[in-house]
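For reference, the chains in residue letters:
Protein chains: 2
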Amino acid sequence: MASSEIDALTQALARLPGLGPRSARRAVLHLLKKREAAMAPLLRALDAVNERLATCCTCGNVDTTDPCSICADPRRDARMLCVVEDVSDLWALDRSRLFPGRFHVLGGRLSALEGVRPEDLTIDALIGRIAAGGIDEVVLAMNATLEGQTTAHYIADRIERFPVRVTQLAHGLPVGGELDYLDEGTLAQALRARRPVV
Amino acid sequence: MASSEIDALTQALARLPGLGPRSARRAVLHLLKKREAAMAPLLRALDAVNERLATCCTCGNVDTTDPCSICADPRRDARMLCVVEDVSDLWALDRSRLFPGRFHVLGGRLSALEGVRPEDLTIDALIGRIAAGGIDEVVLAMNATLEGQTTAHYIADRIERFPVRVTQLAHGLPVGGELDYLDEGTLAQALRARRPVV
Ligand SMILES: [Zn+2]
Ligand SMILES: [Zn+2]
Chain X
1 MASSEIDALT QALARLPGLG PRSARRAVLH LLKKREAAMA PLLRALDAVN
51 ERLATCCTCG NVDTTDPCSI CADPRRDARM LCVVEDVSDL WALDRSRLFP
101 GRFHVLGGRL SALEGVRPED LTIDALIGRI AAGGIDEVVL AMNATLEGQT
151 TAHYIADRIE RFPVRVTQLA HGLPVGGELD YLDEGTLAQA LRARRPVV
Chain H
199 MASSEIDALT QALARLPGLG PRSARRAVLH LLKKREAAMA PLLRALDAVN
249 ERLATCCTCG NVDTTDPCSI CADPRRDARM LCVVEDVSDL WALDRSRLFP
299 GRFHVLGGRL SALEGVRPED LTIDALIGRI AAGGIDEVVL AMNATLEGQT
349 TAHYIADRIE RFPVRVTQLA HGLPVGGELD YLDEGTLAQA LRARRPVV
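If you read the sequences in order, they're chains X and H. Every letter in the first sequence is one number past the one before it in the numbering used here, and letter 151, counting from 1, is 151. Adding 198 to a residue's 1-based position in the second sequence gives its number in the numbering used here.
What the hints contain is simulated information worked out from the structure, not anything from laboratory work. Nothing here was measured: the structure is a model prediction, and the numbers come from that model. A couple of the hints might just be wrong.
What the hints assert, rightly or not - Simulated crosslink set (DSS-like; lysine-lysine; CA at most 30 Å straight-line): (1) H:Lys232 / X:Lys34; (2) H:Lys231 / X:Lys34; (3) X:Lys33 / H:Lys232.
Assemble the whole structure, with the sequences as input and the hints as a guide.
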């Protein structure tokens, strides 16, 4: 029944995580019916984000400014650096408002299986930030997966020579759990009970 | 953590039916990370639809052309007209590919409670289409709710004087059920067993 434009919109929405063909259809119908209240704001927001989208050269966060709003925020404690695998992990931790410092996004985790090597991640940039000084504590907030923990150990080894405290999230995390899926209570507990990497 | 633009995008998505704050955040993250594969097509599709969106002056369908693609399709049986409450019902019926005719969208149903009167719906336009001739059967496909059935009876009364067969969907529909939520099997059965309005 729908024109190719409406079909294309439905398909573009259906490909988003958490949406399927059915919910995409309902969303499109909603957009068509609420042109001013729903379609226009979504289009404006998407346009603005697309226009200004940037990856932060400092931390790897995705934002509409570079440096990102976290790196540019003077209220953030520059002495604390939290290393995460992915932007989604950064967002999850930041949402919890439990970590007052800044972040470093690795862009993945080491994986023999998927052929992800240290040079495929932003580990050299991380070393650079730590070597530049001013950082007291590096919190390794990798996922509690085998690959996440391998990555944490690898990084801990690489930064051992710097005068920084290296900690990792307490393993109250469910085994195999992905950071981005945890409730804030679990995240809070894991962060509070963070311990030095041995 | 996010800029106001990214927040605005998250909120615009979170307001769509079937999405909440959490799935909207995941969708936004996906869009940010897959700028070429996800963000660009969505923006293009939304832009195209927004640019050309129109309500069909004939049937009330929402499409990117007026007359809509159904009204403009010569393969559609112009002698059969299916009257629905809402565009979503039209889409649901059309998706099932069971109805070969055209549609008429009322834009709601009569409701004493919500103060919806006949003149608030496109009933006069429907009468006009029937009066213009060429229609053999009018299928009343209102929802199986009290208000839907009240609306069906009201319309059946108004078009009694025309030489058309007036039918309604068989009431195999679950009581209180909304057309848009039914599976195609139920829709098919209801359409096959449609019966004259007494
Ligand atoms: Zn940054
Ligand atoms: Zn039409």
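Each hint tested on the structure:
1. With a C-alpha separation of about 27 Å, the suggested pair H:Lys232 and X:Lys34 falls inside the 30 Å cut-off, and the hint holds.
2. For the hint pairing H:Lys231 with X:Lys34, the CA-to-CA distance comes to about 28 Å; that is within 30 Å, so the pair holds.
3. Our distance criterion of 30 Å between C-alpha atoms is met by X:Lys33 and H:Lys232, whose separation comes to about 28 Å.
When the structure is compared with the earlier hints, no violation turns up for any of them.
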